[in-house]
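Peer 1: We have chain Y already, so just place chain W on it with the hints.
In order, the protein sequence lines correspond to chains Y and W.
First residue of the first sequence? That's 1 in the working numbering, and the numbers climb one at a time after it.
First residue of the second sequence? That's 1 in the working numbering, and the numbers climb one at a time after it.
Honestly, I wouldn't trust all of these hints.
[Unchecked claim] What follows is a list of derived Cβ distance ranges for each label pair:
| hint | chain 1 | residue 1 | chain 2 | residue 2 | range |
| --- | --- | --- | --- | --- | --- |
| 1 | Y | Gly162 | W | Glu121 | 41 to 51 Å |
| 2 | Y | Gln225 | W | Ala11 | 57 to 67 Å |
| 3 | Y | Glu99 | W | Thr8 | 38 to 48 Å |
| 4 | W | Glu139 | Y | Asp203 | 31 to 41 Å |
| 5 | Y | Gly437 | W | Gln129 | 21 to 31 Å |
In case anyone wonders, no lab produced these hints; they're calculated from the structure.
Just so you know, even glycine gets a beta-carbon here, dropped at the ideal spot from N, CA and C.
So you can see what is in the structure, the chains are spelled out below.
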Amino acid sequence: MRDLLESIVQEGLTAGARFCEARFFEERNNSISIENGIARTLRSGILRGVGIRVIVARRWGFASTNMPTMGSARRTLEDAIGGGKSIATQVGEEAEIVEAKPEVETVSHKVKMNPEDVSPEEKVKRMLEIEKVARTYGDRVKDTFVTYRDVLTKVAVCNSFGTSIEETTPRTYAYCSVIAKEGENMQIGFEYVGNVAGYEIVDSVQPEEFSGKAAKKAVNLLGAQPPPRGTYTIVVDQRVGGLFIHEAFGHNSEGDLVFGGQSIISDKVGHKVASDLVTIIDDPTKPRNGHFVYDHEGTKAEPHLIVKDGTLVGFLHSLESAAKLGDEPKGSARAQSHHYPPIIRMSNTYVASGDMTFEEALEDVDLGVYLSGSQYGYVETQKGQFTCKAEQAWLIEKGELTDYLRDVAINGLTLDALKNVTAVSKDFMMEMPGMCGKGEQGMYVDAGAPHLRVEGIVVGGRR
Amino acid sequence: MTNLKEKTDLATPVERAVRLLSTMDLDVSDVCVSFSRSLSISLLGRGIKEAVSRTDLGIGVRVYKNKGMGVAFSQSLEPADVEKTVQRASSFAKVAQPDPYFKGLPGPAKASEVPGLCDSEIVSLTLEQASGLCRKMIEAVEDVRPGAMYLGGLGTNHSRGYLMTSTGVCFETEKTSVSAYIAPTFREGDDVGSSYEYDYAISLPEVDFEGIGKKAAEKALDQFGSKRIESGVLPVILTPDSTSSLCFGLMGAISGEVAVKGRTFASGCLGKQIARQIFEIDDDGTVPSAIASSTYDGEGVPRRLTKVVSKGSILTFLHDSYSAGIAGVETTGHAQRMGYRGYVGAGPTNIRVRPGDSSLDEMIAETKRGLLVTYASFFPNMVSGEFSSTIDEGFLIEGGEKRHPVKNLMAGGHILELYKGIELVSKEGRIIGKGHFFPSIKVSEVKLAGR
Chain Y
1 MRDLLESIVQ EGLTAGARFC EARFFEERNN SISIENGIAR TLRSGILRGV
51 GIRVIVARRW GFASTNMPTM GSARRTLEDA IGGGKSIATQ VGEEAEIVEA
101 KPEVETVSHK VKMNPEDVSP EEKVKRMLEI EKVARTYGDR VKDTFVTYRD
151 VLTKVAVCNS FGTSIEETTP RTYAYCSVIA KEGENMQIGF EYVGNVAGYE
201 IVDSVQPEEF SGKAAKKAVN LLGAQPPPRG TYTIVVDQRV GGLFIHEAFG
251 HNSEGDLVFG GQSIISDKVG HKVASDLVTI IDDPTKPRNG HFVYDHEGTK
301 AEPHLIVKDG TLVGFLHSLE SAAKLGDEPK GSARAQSHHY PPIIRMSNTY
351 VASGDMTFEE ALEDVDLGVY LSGSQYGYVE TQKGQFTCKA EQAWLIEKGE
401 LTDYLRDVAI NGLTLDALKN VTAVSKDFMM EMPGMCGKGE QGMYVDAGAP
451 HLRVEGIVVG GRR
Chain W
1 MTNLKEKTDL ATPVERAVRL LSTMDLDVSD VCVSFSRSLS ISLLGRGIKE
51 AVSRTDLGIG VRVYKNKGMG VAFSQSLEPA DVEKTVQRAS SFAKVAQPDP
101 YFKGLPGPAK ASEVPGLCDS EIVSLTLEQA SGLCRKMIEA VEDVRPGAMY
151 LGGLGTNHSR GYLMTSTGVC FETEKTSVSA YIAPTFREGD DVGSSYEYDY
201 AISLPEVDFE GIGKKAAEKA LDQFGSKRIE SGVLPVILTP DSTSSLCFGL
251 MGAISGEVAV KGRTFASGCL GKQIARQIFE IDDDGTVPSA IASSTYDGEG
301 VPRRLTKVVS KGSILTFLHD SYSAGIAGVE TTGHAQRMGY RGYVGAGPTN
351 IRVRPGDSSL DEMIAETKRG LLVTYASFFP NMVSGEFSST IDEGFLIEGG
401 EKRHPVKNLM AGGHILELYK GIELVSKEGR IIGKGHFFPS IKVSEVKLAG
451 R
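Chain Y extracted, bound-state conformation (with noise of 0.2 Å):
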């Protein structure tokens, strides 16, 4: 496949191309879904492609197609040249890119169990297994589902700088959610696994402290109350504090984003940002959900810092960001498919730890809310306003959890709330493997944190 790549590239620098990539894309899927004990559907797919993109006449054209023949790919060239040449007369971004080093490399991520290995059968048990903890957890248990899923993609990039790299990864999935029900009351508690991983991520999955805690939440639940509505010190845990940054801060140092006019730290570089206690790093190294070795421009990937002690230090680049924005790409172009273009996405983003303990980010808080569990989140990057739901939450009165509460979610402002930024425990936690969305493409990413506690932050109730 990549000679056909590197044809294909040679092919567009002749066709008057400044700089041409041709990516090829395969993602193999399967799928079960275990509801309320039945293995009601087995799943599969087979996604398969190319996508060409090329900067002619100082503008971007992208194309792509599912047929990965050599035919096929240099129609899909051909309209790839003809996109860029469509807008060369139209206001708007010029495209610029930085001299990358190329490389050239194989990587395949070893796995413990290869999905492949496991007969659907077995997976089905297994499955069933893990159920049949929370169907049994208790009378007010209305509903149980149990979805596996494993995923195995492979990336390879050429391009004109000479790059020509293949990259294949191996992730896996469980996700449980549980529905309890009493009288008109009804709750939803989930939990979920998933890494660039086997299937020993699954075979290691303890039910009693997976698919019974998803139970349990809902359980719980039940008897939790609506939260107060109003301005708030709030603590998070592991799950909300990775959620928060991600949209909180995330998205605004995404390149695209900074020279698109779309950020609101756009002119922070070198600013303070948060308080003093704040770190943040973007780190597609670490061996979390949104890990790889080579973006989808064939940059290899290096830990990025974006916030060092509360100092805007840097943003996350593609190639034509780091042009437009003076810096060095390390990595962080991605796309969803061959039927996209790589965009600026996190990967696995967290906070670094601090000193404190858990105990201590609560003691000196007088009426707060602690938040648990991410559900999901936006932000308007522009306006610097984002939105965090966690799964449960506790109210804190004098430095203690006390009412249980439900249907918990947070607003705040971006650069307000990093500022108030008031204590980072040490125990640090990074488990919140899944997708964001950006644009109309989804990605793989993780995230994480210490317990962290913010003043001042909108909490939406009904009381």
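Peer 2: Quick look at chain W alone, frame taken from chain Y:
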């Protein structure tokens, strides 16, 4: 350039898969092939950034054996890959366990063709022409005020599909769509004026590109000077873009198996009054030239007009054949098939809220102190029905007038409380994609979390 007139043969790979399936010992099956050609122009920063074209196709096979379901898909229509896809789906179905709720797939039915679902102008559109349409949006923004930084774009899609089932359903579909979105951001020191406008439709003439740009710019400038407000309980007026999220949340909660299996906040609401009599919703998948219309649903059942909420009461859930089988009713023709990947579930088509007799201006004028929400998602926790939403764009109303934009503000409550609190519905509203209609609504009180 790729020859757009060249039609990919969809029937042959489907028939090949169906022939192979017929030799296997299976209950029922369906095979879907879909093809799409899409163009997009992306906007970032000072304007147009990138031109993209995509050609996608694939085959999906859904197989039932002893009521267990196996699904497989592939993006290759090569005979060997079609065969492997069928084999994978079939072997998976044999491992899956019997689903006691599965009653079978629908048989063939005749329907009147819904006209106007394919625009030849979109089929033959070039990227150069598409970039010209994007430029119209940008120029309209710049006419209002120059110097914005942009996010957005324009996308067109031409898709064809072919579905064949072992129960005798066989039909081909063809559809086009266009979507346009522009979000200008203006800055004055540390103050930010940013908003967005959009539209989507089946055909190009339905989209007013200059109008989108002009409105986006005006909305963005309106956002300068946003302020925090105190927590409180206030009447809230939702403009059509916020009403739509409220309606999509409800329609999702009364659609398909999650509704009939008692897994949503609205599962117990069938036949019950959830809002005042002024509030009514129809769902109509047969509106000519409308974005969510089609002749058949994703299982080959004719689309229809469905009265969903009448005089404030929920009359029916929206069914595909699976959920209808559980409820013991006929399917309502709301099966949605997500291309060739084999996902089939129930969901709404064109949502049409009945216009009321108020107006947005009257709603604002009669509000002493309240909140005008121009954009927020009121999509709730689908199980509990509770929501806790950021007011992404809104304005404080005082003395019957719009005062200033708000920020850092959330609304919380139960979605059914919001429906109960609807006291006014406007006669004017927004038609989207020639199919959806959402008016402005006034809710008597909503709990707000702010300063």
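Peer 1: Which of the numbered hints are not met once you compare them with the structure shown?
Peer 2: 4
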